[in-house]
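Got two chains here, each in a separate frame; can you build the complex from them with the hints?
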Amino acid sequence: VKDSMRGLAVFISDIRNCKSKEAEEKRINKELANIRSKFKGDKALDGYQKKKYVCKLLFIFLLGNDIDFGHMEAVNLLNSNKYTEKQIGYLFISVLISENNELMRLVQQNLKNDLASRNPVHVNLALECIANIGSKEMAEMFAPEIPKLLVMGDAGDTVKQSAALCLLKLFRTAPEMVPIGDWTSRVIHLLNDQHMGVVTAAVSLIEALVKRNPDDFKGCVSLSISRLARIVTSSYTDLQDYTYYFVPAPWLSVKLLRLLQNYPPPEDTTVRNRLAECLETILNKAVEPPKSKKVQHSNAKNAVLFEAISLIIHMDSDPSLLVRACSQLGQFLSNRETNLRYLALESMCLLATSEFSHDAVKRHQETVVTALKSERDVSVRQRAVDLLYAMCDRSNAEEIVGEMLTYLETADYSIRGELVLKIAILAEKYASDYTWYVDTILNLIRLAGDFVSEEVWYRVIQIVINREDVQAYAAKTVFEALEAPACHENMVKVGGYILGEFGNLIAGDARSSPSTQFQLLHGKFHLCSPPTRALLLSAYIKLVNLFPEIREDIIAVLESDANLRNSNVEIQQRASEYLSLARNSTQDVLATVLEEMPPFPERESSILAQLRKKKPAVEDAIRARGEKQQQRPASGAADGAAASAAPTAATPTSGGGGGVKLQGDIAGAESNTDSDLLGLDFGGSAPAAAAGGGGAGGGSVDLLSSILDVGVSSSSSSSAAPSAASGASAQRKTVVVGAGASGSIVGEENWHKFVCKNSGVLYENDILQVGVKCDYQQSSGRIVVYYGNKTPAPLAQFASVINLPDSSLTNQLGIQVKPVGDRVGASEQVNEVITVDCMAEFSACPLLNIRFVYSGVAQSITLKLPLTINKFMQSSEMDSATFFQHWKQLSQPEQECQKIFQAKFPMDAETTKTKILGFGFSLLSNIDSNPANFVGAGIVQTKSGNIGSLFRLEPNQQAQMYRLTVHSIKPGVSKRLCELLETQI
Amino acid sequence: MIGGLFVYNHKGEVLISRVYRDDIGRNAVDAFRVNVIHARQQVRSPVNMIARTSFFHVKRSNIWLCAVSKKNLNAALVFQFLYKMLEVMGSYFGKINEENIKNNFVLIYELLDELLDYGYPQNTDTGVLKTFITQQGVKSQTKEETTKITNQVTGQIAWRREGIKYRRNELFLDVVESVNLLMSPQGQVLSAHVSGRVLMKSYLSGMPECKFGINDKVIVESRRAADSSSAAGATKSGHIAIDDCQFHQCVKLSKFDTEHAISFIPPDGEFELMRYRNTKDISLPFRVIPLVREIGRTKMEVKVVVKSNFKAVTKVEVRIPTPLNTSGVQVICMKGKARYKASDNAIVWKIKRMGGMKEWQLSAEIDLLNATDKAKKWTRPPISMNFEVPFAASGFKVRYLKVFESKLNYSDHDVIKWVRYIGKSGLYETRC
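Quick note, the sequences are listed as chains F and Z, same order. For the first sequence, the UniProt record's numbering assigns the number 1 to the initial residue and increments by one for each residue that follows. For the second sequence, the UniProt record's numbering assigns the number 1 to the initial residue and increments by one for each residue that follows.
Next comes chain Z alone, as it looks inside the complex (with noise of 0.2 Å):
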């Protein structure tokens, strides 16, 4: 039971508050703001208390996102709904920043009352909140509008409102991975995992049941027990290892846990179907093979080798962070475009069309300032890399997707799907 939730902008100034117990007080508001916010050192931990009330808070650019509570309560269930708050908040208004929080104070306070109930959280839902939250003034609403809107939210699905049409029943599957990495300077691999969502933006008719397949070793293998006639020549290949996944609150977790099947009725619109996370067997799309060469005390080179272990043709951007004592920078490259950027102290090198399976180099000398402390030595922090690739570097598939709907006379092949993956870099870092 979260007690009250404030929202300030970077200089404390309170924004929003709204209090949803009596146990939190007036002075809560400027508990935080002089304990957290004006700090003389700055307060790194999410969670603090003050004067026994817990304060949890996120931040998210300019603004403090803060709930409040006396009692002992579960932080993550509300760092979840502070992030679920904020999604919720930038679906509505974009970007989340002290002159958007301020242009919508309304329906901010509108939301709150929906978001929270004395304190739990009600209903986080996007597509459901945007059923009878709206932004367009205000429209009566007839009473069975109203009674209808009370039963799909109070029901057993609370996410999807009934008869809902459409004259082309479609929808879109987005795989979406970043892959982090870290590599040592002579290539091995440090550490490597992908984090991967998989979103999904529905318009299908009516209530859809839906069925999803991938290639989870352990999805794969169960239904394999389960008819193993036909597993008897199936190949092992192709098959991967999820560490951990969770689901949006429509997939029936009951089926999942006795079936290994992921069946939903899914909401209307966007949403996230679920998340993954995998550290075997991850397909690196990049190398980048580094060599840097201290030349005396005022000079350094750097060359940089980048290669691509696929067959498709992307934008890449490679940044080499530099000394901090750095006075001057040569850079050639045989492709794209480098730049040493002081404010970053970093070379970024963009390659705009960069070739599967190629390698290209980069060469950089770099002119030092004699420092006058020489007890600090330069730490060399990793060169890192950004980059967004049309595969899974997981190596996940989506088998199928399957939707059945008993009642609307369409059938699974009436429904166009839509499938797209998409490979993000993560902290895809590379020592030097």
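One chain only, chain F, in its complex shape (with noise of 0.2 Å):
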């Protein structure tokens, strides 16, 4: 009768009964009064009290105020051996107190106590307490002991239950903490545990500890297979307390069904076959009549039957049970259950990602196209969306794209975006017909183009333009499009680029005659932003080429102040370069200048680029598919993912120049809008930008430009054409090498340019580019290796090696390297940072290995890199006195080096001085009698000492020769340096 707490009944009536907050907060605070006065009194409260008191501050704050006092009569109580008194302790404790609370110290201890304690009731609330507070000390405190209750043999199964949840928590804040020892075998025999609560908490625990080693939990497997068997095939009466609704232990099975989902199928076929057999029976049992018409039944029952079919797909192995659980999926496509649909459209998407199940998820296609234009739910219609992407192939995609551009007309704002993309991918990547695939795509940008994003139609013109058969369509077809009285933006856009490339195509008609082709794009040029009305001037311009019979109206156009004085620069920029290029230009010119584009590189699509960014879960699982069927060609169903692949010519033509520079400008405006037609392809833009000069330069993407300073880029733009076709065979030859691991090295060229610099790209393919940036301090430097991942997919299992080539060179320099991380994620760059401390002087050139897969293929590529002495020379100031004074001293025979050599590049002689300079030595005027000479000093450091060195450089223009002589202390340096410098001049 005392236990039932009048007080606390009568306290919260009252302030249920509360008419405001204002009158909720007094009756608060006198109770706060009242409970601090009882507290602080001379009386000895006995438990039954502090409970009481206890339980209200507990009320109290959880009405939401602050509580400051009443922590030690809680851990008072604990020491209670009445239940309920040590209940409300243990429950205060782990709501109230936080975890660096000072009384943390004696809750431990109490808790301590009661683990030991041989009343099992004291070890739940114990445990309870624990899980609770979940701190990283109470891991450090107790994770070591949980598992001794967990597997002792005489514990109770309440004590076992609640050891294994709490064990899972502890495990979750802090899994180091947690021990692996013996009784993690022991714990995976708790599957074969008598009472069902016990195995409901020990999967828990061990599909938890299983993510962390999958391997030392392997004999979960059978377990829990046999353990499901028993469930499943049991019948409803036979689990009593664990029968919900009449389905056996439905939560048990989902977990059980997840744990699995952990492994790949069993490889013993005893074993596979009970799991399939499991697997059928729920399949079974779902098509079996409902036994209770509630909806608790249906989905208890659901529950089971949708993780069983995500296992199924998982296991992706036995083509019957996929085929079985994709018509039992189709069932639910027409259930009265919105939630049912959306699971069965979502599971679905994945089914229809295995090759197995494929073609009977095909079989849906009307009850998914329905759904998409019935559906009331937009989430369920974004599933059939996706489920209408997954099941796409070759046979029928002309449907459901079809069906797809029906639905965006309808479709809601929040998805069309997506939809746009998925329709442009599918369009693509399944053409046959280009015809249809522009068809396609200038239908979406007239329904829909607000939504259409720049790479779609950045696309359909690389398209267009790769593919001379669908050009003079492509023309035509937009010709008509733009003859509407309103059109999209984007349509303007596309518009103007075709019939500038490919207007001529159609001109023999009369009703598409060139005048009218100029006045119809002119005609929605005032409607459109500053971006497209440069681009329409770029289309202008070439019209001029194409029909030089509407010249003057076109110069007048551009004459015009609108454009010629616009506020927009770069519309004012191209009106009066493209005025004095259309008047003062031959025909000649102006067809070079203005040739038609050359076919874009192949590449992948950045459509589905964008896309994944969008979704990443579904792309990935997809393109999971396209891989897992070109690893196992007896499948045999190359689709348009691998037709899509297949390369065309990549290389720009050399006539192309022309076309270039203007391919290259307009990928610079496009830049200035944030977005770049040629930023899609990366190879393809380091020749255009090289030739469209600075203001392309910034519009390429490269992704070590932004780093390095502008200096490099400068002079990159003057080799990067050379390094792009080097990369290109480059790249060819890290294949073959790829398997004999590290051979040749690659990259060459550009290393000598490190001789006289520090940064730079050292090396750079289309997937891979590798920039360096070093600096140096006396006889320590820090070189910082960027790696710049050039594709829309990570790099996988990314590591860097530094080899020594020659053994003597771990004596002469300290290389500490700070490593990488394994993976390089999509278009990403990671940094690598070498410190090297020079202990001696060296000759040989350490060599940096690279390691990752891409897309499967694992890839190595090695590189010098660009670590020489003269990095660690300083240039010194001396007069001629003593200059030729150490001249003399250093004139021994192994002290000195000369060399005669041919000039390998012109003999200008500023180039030679910044290449000195560069190079680390100081540069003495006045010493030498022939003014032409260079002469001057550097000090290489080093940890074991200071090395003097001379040098005098005497250029023989007629020969165009140099004699070249160094004088050092060492005579290795001498002879290094000596090599070093000759390959830079």
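Just to be clear, a hint being listed does not mean it is correct.
[Said to hold, decoys possible] Here are a few chain F residues that face chain Z, going by a calculated C-beta distance under 7 Å: (1) K26; (2) A33; (3) N65; (4) F69; (5) H314.
Since the hints were made in silico from the structure, they are not lab data. Don't be surprised by glycine CBs; every beta carbon is placed ideally from N, CA and C.
Structure follows, in structure tokens:
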């Protein structure tokens, strides 16, 4: 009777009856004052009173008030032997005492006592409290203890259950604290426990542990399968307490099925058959008439079913199961429950990625299409779109794309953008007939122009330019589309670009005569935004080339103040440049400059990348499927993914220089609006940038240019073209080399450039760009290597190793590497910091070996690290007397090194000066009698001492020869310096 | 243009919903309830934008009054209107609470029709409204009466009807000031200001024109400039500097701007003639001298001395906040009654008759409970006072109030005038 705590009940009802917040506050203040006076009072409170007041405090706390006393009383309650008092004490502590409270020590002592108690109820309370607090400290303290309780033979079921859950909680907060020991194997055997509660708790724990190290728990597969078999085959009367609305142990089944999804299908055939039987039974049960009309019954049943289907999809090995799962899901598609429809569509999306069930999924195409049209819930419609996307292949592409296009007209705004991307991708991927593709995309722009991103229309243009057979058709269609009274700006862009390029193909038709084309385009001009206008100006100048007869009209447009004096600099510049081009150039010049675009290099559609950005999970699944199919040649389903990857010519034609210029120009212009037509392909943009000059250089998406200083990017403009070419060849080489591990060294010519400078691009191919930036101080240096991933997919197992080809290097150089992560995300850049100490002089060059896996193929690249002896050299100034004194001192034959060689670069005094200064020597004037000669000095600084060096360089302009003499204290140094300098001039 | 007006009870149930414009949909009612009344975090901003609709609300006890608009309108106007509306409702049925609102549904809708027209505020003057919206059943009005009302309401002097007759012409003036103060423990004034109101109750016949004179510096000096001859000998003292003031709509502002004269035709009955604010030369009626001593962590001693600086007898209440971990209080005071009020976390000291120029003392011993969390220190909130004194703390004086009625034959001398000054405590606090 006393346990009912009347005071608490009265207090709570008082609070409930309060009319306003203020009244409630007053009542609480009063109660708090009362409790304070009680706690402060001299009279000792008995356990019941303490419990009552602690309860009140807890209630007040839960109402949202701060409690800053009473903690001690709560801790005192823990010492009681009465269950209710202990319980309230633990409750208060787990809710109110913060981790770093000083009372925590007392609490921990109490917890220890209770864990050791022989009363299982007390042990349980302690376990619950530990789990509720669940701090790192708790994990540290109790994680080693709890497994003992878990596997202790005589522990009660409830204790085991609580111990498993408590350990799970601690594992989640601090995985490193939970020890791995012999108990792990015994935990698995809890799956065989008599008590279902223990099994359920244990499965949760095991699943968490499995995620950490799956191999330790392999044994759980067969055990859980047999446990699952027992549950599935049992009738609902067998499991009494664990039957939920006629479904035997649904939660346990779901957990077991989830656990199994961590492993591949079991190898042992009997086990595997047993699992297949289980899954089949679950599928069978789904077909049976429901045992109850209650929603809980069907919910529980379906939960198990869906988990079973995910397991089937995960295993992806049994075609009959997959097909059955698919047909089951097909039934759900027309279910009344919205949630079920959603889940069915979602699971089907995964099923569609499996080769076995792909066809089975396709059978439901019609239902899905109806769902798309009639579904009320937007999230379900979204799933339907996903599924259509996933089930699409060459055979049904036209139909599905057609359906999606019709749906697009009525689609919700929230999913339109994604839908547009999907249509664009499908149309491109499965286009057998490119006229259909062009039609589809133009339709797309017409229906939902606002949602068509830049990438989509870039892609059309790329494809039209690359495929000669559709060019005429595209021009005609675009022309017709532009004839509509109102058309979207994106349409104008496509139209402008295509008519500018291929307007001549339709000029023969009287309806689309040159002047009509021009008038049509210009009719839209005033309604467009500046970037589009700029593009149209480019189209006009192209028209000048195509149709000389309308030249005057176009000049008039370019001349107008609206363009020539536009406030937008881009338009202004284009107008004036094009104007002078149109006015002053001969037809030949025009024809060269405004030549047709060279084909774009084939590459992965950037639209796909954008979609992946939006929805990583689904896309990856679909992508994985594509890869899987490629790995299994037997499946023979070489679909569009493979087809679209077929490469075509990638090098720009030599005559296309002029065309490239304009291309680069457009790229540069486009980049002003943060979008870049050529940015779609990095390889192609490098030469364009080189030809297009500084303006276009900014437009090229160069991963490294952002980190390197301006000097480098300007010098790279002269070297970009060869480096891109070498990159292409080098890439082919690495593929060969990749099998035989590190071998030949690539990027040699880039390496030479680093002798005289400290940053730049060391190596570049289609996948990877390696940049280097270094700085040196005295005998130590820091080299930062930047790895830029140029692909839209991550590079896995990324690793770099520094090889020292010459064993003596280990003594000469102290190298420390701060390693990079093992993954370089899509279009990401990571950097690796290498610190170098020069112990003694050296001549060999350390190698940098980079390995990674890109789209399943292991790659290995070996580069020479730009680390040479001259990097540690500091220039020193001296007058002629000291110079000659030193010169003479170091004139023993082994200290001197002299070379006579042909000049490798034009013999320009200024460049040579810069190079020598970059090399590390000082330049001393007024020393040599011949002013054309270069003389200088430098000190190589190593940990083991400084090495002074002097040099003299005598150019011979007539013979284009140099004579180089280097004097140094150490013979090796003079030789090496001589060699290095020779390569530079 | 207010689009609609809603009244909710504390649970968020709609009591009154009146939509004036089509752009406010039915769901606006729910939007406010969901996003403001039932919001997870307490919404403190009085203006909320939800789905491109602005919601302006005020809360009176448990009642939410909310105006809605889709347009970009003057928020100050809306709040002025909402407060006016509360005032009107208050004058019709007293306290504004759920029960009263439920009992006066019809009246409120009738009022809302009159207060706002297509969302534009029309007439919020209680006196005028009471002439045609009454609570005494339906009285069929004659045609003449209705035209009279229409003429008056749409006329130039909307606040006064014609043909009022009193046997005794009488008027009452109340100058009500609330004194706000924040004082440091050492007795330094940190901030002090007075916000005052002049309330007038007029029972005058006909259409009298009144002139009101006060001792404001600007007005007095401009007067003096006008007739410089009389100004020569006048003393400068006795004038106060009013920071800003605002008037009832009946005051002719043009006259105030040009001549600095407050001249008006008063409405019949009670109204607020002007409001003003003053921050300079405030005579503080009371001074509180606190002395707080913390003895260890479990005990505290408080001594408070209250001094009065005027000559009268009044009722005073002093509130001395106590720490949140108070477990017991013993109070001794020389005069009045002092009690520890646990529900307010304060010692409340009431003195029924506090004489002028006197000083009284209270001392208290407070027992504290050891708090587990030592990080939180007691912030020592200020000691506050409540009082009402019979003078204007700002020094505001009514110099004259002249009544002219040319048509009826009574003159200024026949009017009986009553003037009263009341100084109330606003936030009158002393830090300790």
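TODO: Against chain Z, run the beta carbon of K26 of chain F and see if the smallest gap drops under 7 Å.
DONE: holds, 4 Å
- [ ] Hold the hint about F69 of chain F up to the distance rule: shortest CB distance to chain Z must be less than 7 Å.
- [x] Holds - the Cβ of F69 of chain F comes within 7 Å of chain Z, reaching about 5 Å at its closest.
- [ ] Under 7 Å, Cβ to Cβ, is where N65 of chain F needs to be relative to chain Z, so tell me if that hint holds or is violated.
- [x] This hint is violated: N65 of chain F lies away from chain Z, its Cβ roughly 10 Å from the closest one there, beyond 7 Å.
Task: Interface hint compliance - H314 of chain F to chain Z, C-beta minimum distance less than 7 Å - done: Check failed: Cβ of H314 of chain F comes no nearer than 39 Å to chain Z, outside 7 Å.
Open item on the list: Given A33 of chain F as an interface hint, is its Cβ closer than 7 Å to any Cβ of chain Z?
Closed with: With a closest approach of 3 Å, the A33 of chain F hint holds.
In the structure shown, a violation is registered for the earlier hints numbered 3, 5, in ascending order.
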